[in-house]
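Fit chain X to the supplied structure of chain W, relying on the hints for placement.
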Amino acid sequence: MTTSTFVAGRGIVYLLDARSKLLLVLLLCIEVFLPISQIGLWVLFGGVFLLAWHATGFKQAIQPIRSIAFILVVMTLFSPLTDRDGTGLLFIGERLILTSEAVTNLSVLVARFLSITYLCTLYVWTTPMADVNLAFRWYGLGYHAALVLTLAFRFIPFIADSFRMIQDSHALRTSVEFEGRRSRRQRLADIIPTVTAALVFALKSIPYTAMSLEHRGLGRREKRSSFRQLKARGGLFTQLLVSVMIPTVFWFLFTTL
Amino acid sequence: MFEISGLSFTYRAYGTAAEHAPVLCNLDLTVHEGQSILILGAPDSGKSTLARIMCALVPRFVEGDLEGSITFQGERIDSRGPWELTDRCTLVAQNPQEQLLMTTCADEVAFPLESLGVRRERLVSSVHSALHRWELDRMMEVNPQELSGGERKRLLLAVTDAIGAPVWVMDEPFDDLDEFWRAHLLSEIEKKEGTVIVFASRYLEEFRGSFDAYYLLDQGVLTAGDEEAIVLAFDRVSDVQFSVKSTLEHVPEHDSHTLVAQNLSIVHPRRSVSSTEPFTLRTPDFRIASGEVVALVGPNGSGKSTLSRVLCGLDPSATGSISFDTAPCDRRMLRSRVGYLFQNPDFGIFLPTVREELGWSLRHVPALAEEQREQLIEKTARLFHLSCEDNPTTMSYGARKQLQAAVYYILNRPFYIVDELDSGVTYAAAFEIVSLLRSRGAGIVLITHDSAFARNIAERTYTIDNGVVKERRLNV
Numbered sequence: 001m002t003t004s005t006f007v008a009g010r011g012i013v014y015l016l017d018a019r020s021k022l023l024l025v026l027l028l029c030i031e032v033f034l035p036i037s038q039i040g041l042w043v044l045f046g047g048v049f050l051l052a053w054h055a056t057g058f059k060q061a062i063q064p065i066r067s068i069a070f071i072l073v074v075m076t077l078f079s080p081l082t083d084r085d086g087t088g089l090l091f092i093g094e095r096l097i098l099t100s101e102a103v104t105n106l107s108v109l110v111a112r113f114l115s116i117t118y119l120c121t122l123y124v125w126t127t128p129m130a131d132v133n134l135a136f137r138w139y140g141l142g143y144h145a146a147l148v149l150t151l152a153f154r155f156i157p158f159i160a161d162s163f164r165m166i167q168d169s170h171a172l173r174t175s176v177e178f179e180g181r182r183s184r185r186q187r188l189a190d191i192i193p194t195v196t197a198a199l200v201f202a203l204k205s206i207p208y209t210a211m212s213l214e215h216r217g218l219g220r221r222e223k224r225s226s227f228r229q230l231k232a233r234g235g236l237f238t239q240l241l242v243s244v245m246i247p248t249v250f251w252f253l254f255t256t257l
Numbered sequence: 001m002f003e004i005s006g007l008s009f010t011y012r013a014y015g016t017a018a019e020h021a022p023v024l025c026n027l028d029l030t031v032h033e034g035q036s037i038l039i040l041g042a043p044d045s046g047k048s049t050l051a052r053i054m055c056a057l058v059p060r061f062v063e064g065d066l067e068g069s070i071t072f073q074g075e076r077i078d079s080r081g082p083w084e085l086t087d088r089c090t091l092v093a094q095n096p097q098e099q100l101l102m103t104t105c106a107d108e109v110a111f112p113l114e115s116l117g118v119r120r121e122r123l124v125s126s127v128h129s130a131l132h133r134w135e136l137d138r139m140m141e142v143n144p145q146e147l148s149g150g151e152r153k154r155l156l157l158a159v160t161d162a163i164g165a166p167v168w169v170m171d172e173p174f175d176d177l178d179e180f181w182r183a184h185l186l187s188e189i190e191k192k193e194g195t196v197i198v199f200a201s202r203y204l205e206e207f208r209g210s211f212d213a214y215y216l217l218d219q220g221v222l223t224a225g226d227e228e229a230i231v232l233a234f235d236r237v238s239d240v241q242f243s244v245k246s247t248l249e250h251v252p253e254h255d256s257h258t259l260v261a262q263n264l265s266i267v268h269p270r271r272s273v274s275s276t277e278p279f280t281l282r283t284p285d286f287r288i289a290s291g292e293v294v295a296l297v298g299p300n301g302s303g304k305s306t307l308s309r310v311l312c313g314l315d316p317s318a319t320g321s322i323s324f325d326t327a328p329c330d331r332r333m334l335r336s337r338v339g340y341l342f343q344n345p346d347f348g349i350f351l352p353t354v355r356e357e358l359g360w361s362l363r364h365v366p367a368l369a370e371e372q373r374e375q376l377i378e379k380t381a382r383l384f385h386l387s388c389e390d391n392p393t394t395m396s397y398g399a400r401k402q403l404q405a406a407v408y409y410i411l412n413r414p415f416y417i418v419d420e421l422d423s424g425v426t427y428a429a430a431f432e433i434v435s436l437l438r439s440r441g442a443g444i445v446l447i448t449h450d451s452a453f454a455r456n457i458a459e460r461t462y463t464i465d466n467g468v469v470k471e472r473r474l475n476v
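So the protein lines, in turn, are chains W and X.
Here the first sequence is numbered in this note's numbering, starting from 1 and rising by one per residue.
Here the second sequence is numbered in this note's numbering, starting from 1 and rising by one per residue.
All the given hints hold, so there is nothing to weed out.
Label pairs and their computed distance ranges (CB to CB):
1. W:210 x X:391: 19 to 27 angstroms
2. X:385 x W:152: 35 to 43 angstroms
3. X:451 x W:236: 50 to 58 angstroms
4. W:29 x X:6: 58 to 66 angstroms
5. W:71 x X:81: 40 to 48 angstroms
6. W:94 x X:356: 52 to 60 angstroms
7. X:258 x W:210: 48 to 56 angstroms
Derived pair list, reagent style EDC-like, types lysine to aspartate or glutamate, alpha-carbon separation capped at 16 angstroms:
8. X:192 x X:212
9. X:191 x X:212
10. W:204 x W:161
11. X:191 x X:161
12. X:379 x X:389
13. W:204 x X:98
14. W:223 x X:87
15. X:470 x X:285
16. W:204 x X:63
17. X:192 x X:33
18. X:191 x X:33
19. W:223 x X:84
Please keep in mind that the hints were generated in silico from the structure rather than gathered at the bench.
On a predicted model such as this, the values are computed, not experimentally measured, just so you know.
Note that the Cβ used here is the ideal one computed from N, Cα and C, for glycine as well.
If we strip away everything but chain W, and leave its shape as in the complex, we get (with noise of 0.2 angstroms):
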């Protein structure tokens, strides 16, 4: 059950404390609800962008952006039906289909999508697991509590994982002699029964995993010890008031009030 969400790679990113990195992720995801121009949430989007891209390089850097493509299509094509106002800018017939402040709230919600998305995804890519339980709990969340969180953030790629595993399994089984392209309802036809063996496998897993926890000691009364230890460079006082500062920035930048 343990599939990290954590990548190797290189830059500041990977020098910052977990503490303030999970602030300055924290302060970043509510400034992005926040009256910011639609060119400030671009400009973070793609700076957060540029940082994974430099961080665990271009391939891996674009797979947030795979994964979560159906839903801004979605977002693209519905979104702006349900925004009347504004000048027309395309009709079918009588029919306005796509307006000016339709187009202006599809590219900010896009934008707040994608760079939430991108700066959670480069906190979890960035920092070692044990490093983000640890800054949980310096935030004054409880041992468990900090686990359960660390657990969750494990299970879904241990999913995933599983997922591709069973994947890999059924491609065996399918390739009965089927040299041609399979039709899309097929394709979609196979993911149901890779679901369904995922899931039973990570239900599976579950009573082993509780099992190991309490055999591992989970449940005693002495106090924790930690093999790791959190360590800002230059001081994590610094380390907290740049996270503070960014943010602070980028509003007086960006604001529109």
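Chain X only, in chain W's frame:
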């Protein structure tokens, strides 16, 4: 130390045929302090259940009815939580995946020590030295998910080593380990100043004479005896003795095929650590023909599964080519010609009955009429000792492996790669599965750490040595 008296255990809803049949019946066992005991039992004989009961994990996490009493150091074990035994008794599970919790090897070893509140200086040195002793120090920051099966088992042993509990309960600890690490583990068991209880079904010849007491667990009953008598009795119940190689039936004439991989180079980095030297495997020349049984052996983490994934078209190679009957073969073509039986059968099983599971594989074979399809399913189920209406998720591990093999048998692939087939099933069952897959002319690549099994079943062997796959002729 352990006092077990009249212990019986029955799983609730364990399979369909064996429902309500007890896994353990009226067991009595006394383990003294400092004793090392070996309990032999065929796969699915209840070894893991007994090991978990001894560590207070069953029936706490698995529904079942426990009768009788079990005391550990004078205390009834059912009145204790598993966490109370952390520093006194450590379990090494047969399947390492069940016990791994953390996202780096170092954190995995550290977790129980943190629970015990070990002071940081000692904790850090214990983690480093345990990883060093099991040669995992270079993998400190690697995600256990990225390790090979054998490396994961070593990680569990490093955890056990670091905790330093006076009692070790080890469920098939030699499984997944290569010869070197099996010898290493045996020497650790012999050196151990404490109590060791080992449950095993394989590699008997390697650890004969190393234990103080011997038991046989068969049909839920535990029998004590001297080593010779127990090993002989175990041979009888689990068909451990091999038939000589000549008993692999002669394969009747079928279409003859060859699979050849030349100048393959496989490279993949570990995701969790930056490394200037990613894992690399070179295969200058690998070939197999129809009807052949070829063993692929190598140390833990040498790349056996990596090569297998490329040979069956799941992963690409960096350079080189694979040809089928001299014609170049792309990944899609390979997937329909080379079956890969994963070590874990659960990756491929998902339907509610054996009949549906076998039938699902045939749905892309349009030439088969409904009646023929049913006949083929019934015949295959009979050959693999399966009942068509059984539910795969509640079947035993060995039966699930049989089902996995049956699924591929029905597909009639020209070649099969079989990963650690002998783990979790008897030698006789493994031998039978290989014979059945080969009976229709298929060539078999067998991945195993068991040299005795490989010697008795394979005609040729490929070894992986320092990142290079080479052929080694067997002198039988």
